[in-house]
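All chains, full assembly: derive it from the sequences and hints.
Protein sequences, first through last, are from chains P and C. For the first sequence, numbering that gives the first Met the number 0 begins at 0 and goes up steadily by one. For the second sequence, numbering that gives the first Met the number 0 begins at 0 and goes up steadily by one.
It is worth saying that the hints were derived from the structure and are not from the lab. These numbers come from a predicted model, not from an experiment. Honestly, I wouldn't trust all of these hints.
[Said to hold, decoys possible] Below 27 angstroms or equal to it, Euclidean Cα-Cα: the simulated DSSO-like pairs (lysine-lysine) are:
| id | chain 1 | residue 1 | chain 2 | residue 2 |
| --- | --- | --- | --- | --- |
| 1 | P | Lys9 | C | Lys271 |
| 2 | P | Lys128 | C | Lys12 |
| 3 | P | Lys86 | C | Lys97 |
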Amino acid sequence: MIKVSNLTKKFGAHVSLDDVNCEFNKNESIALMGANGAGKTTLIRSIMGYYHPDQGEVLINELNPVKERVAVLNHISFVPQLPPPIKLSIEELMQYISVSAQVDKELIKHYANEMKLDINSNLSKSFFKLSGGMKQKLLIAISLAKKSDIIIYDEPTANLDPKARDDFYRLLKQNEEEKVLLFVTHRLEEVKDLVNRQIYMDLGKIVSDERVEG
Amino acid sequence: MKNLYLIAYLDLKESIRAKWFLVYSLVFGGLIALFFIAGVTESQVMGFSGLSRLLLMYIQITIVILPIFILITTVRSISGDRDSHILEYMLSFPISLKQYYWGKIIGRFITVYLPVLFAMIIAVVYGAIKGAAIPWSIFFLYTGLLFAMSATFLGIAFFISSFVKSSEVALGISFFIWIFLLAFIDIALISLMMQQRVDEGIIILISLMNPMEIFRVAAISLFDPQLTVMGPVAFYILDSVSQSTFVLLSIAYPLILGLLFAFLGYKIFEKKDLV
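Below is the structure:
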């Protein structure tokens, strides 16, 4: 599903990804770990087509995410580590997502409800005025409603309280079949029960790649 | 196409809610109100009177402040979204870069153009109520000039926004461009260049390349073909081309310039790393 071949990405003199090779297939839940600056975010962004590689390539279902971004992003859901300060109201944000990615607004509301987030009473509120936890819950609800084959979470539980984390893991368990789940995390214990593969990165390279019992 | 309209629509809605838009609208609406209060329509200076005089004053001030308003409010549209990671999230949905970029431009163009246009419409309506003769030719010329001017500086702003990584740098470049273009209008230009004994052909060519100078000359040429209130460069320009040709040039050239910069910005946006 995701194939990364000889991927090198440099920023000036700094090599952020150094000849990385890996594949992610259906039904894999991967914990992507490593110290700050190890290259995790660069790898994620390369998969999403944000970066032009210096060498090598990324293919998602045989498609190049830079050249075929619309076709590729139809298959990807993404939740960033920190919710961005989007000034659109929740209603407008949902409109953006439902028109651009054909996501059912009711489904977003359903998953938000499952995450104990009351969207209906906040529809006209600007996204950036929500609390950190509410923003994260909404982004998670959107990622699940999008029904993508590939779901990428960059430290998704950073702003969530323990109860919300439980809700999140429960919903993920219900939605993980036939998908690639990619977690960028510093806290393996939080996703240990969900993942069946653990990858460690350091200095732009994959230093360990282990299959584990999920 | 639906994604293009969606981006334009949402950007327009977001901009209208922003505080800068309120200030922007108040400045241009306030200018017109101030002119009426000050009795500009009743005064007569250098042969201009009534609504014509008011519109002339409006365009003279607008030529100076509109570019900087457009530059500082627009230049951060992409670089600011990149800075704050909004771009990273918004572009994680299946929207093409073409739709995103041009949708933003359309939305922002409507945002910056409508207040300046409405201010003129208000002036015309108020003037008509007061019984003043409406100078329609001037009104339509200014509508076209402001349209072209908005397009130019919007194009330049998006061009800057596409390659600059931080919004502070984008703002700095905007100020520099504004000051640079202001410094090269007419009197400032000619005094500087005559001092250096530069050939008059070069002076005129530089003037013609400067959209702010073109607006300035075009805005007044209709009132005063002899250009008694303008500087010598404007006089040279109108001596070489006819008034109507120059009016057409003054709308077409900045429009093309704006589109060219916007297109270059798009090419950079497409080729560079997005975040």
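A quick look at each hint next to the structure:
Between Lys9 (chain P) and Lys271 (chain C), the direct Cα distance comes to roughly 13 angstroms. Compliance with the 27 angstroms bound is thereby established for this hinted pair. Taken as a hint, the Lys128 (chain P) and Lys12 (chain C) pair is honoured in the structure, with Cα atoms around 17 angstroms apart against an allowance of 27 angstroms. Straight-line distance between C-alpha atoms of Lys86 (chain P) and Lys97 (chain C) comes to about 22 angstroms, which keeps the hinted pair within the 27 angstroms bound.
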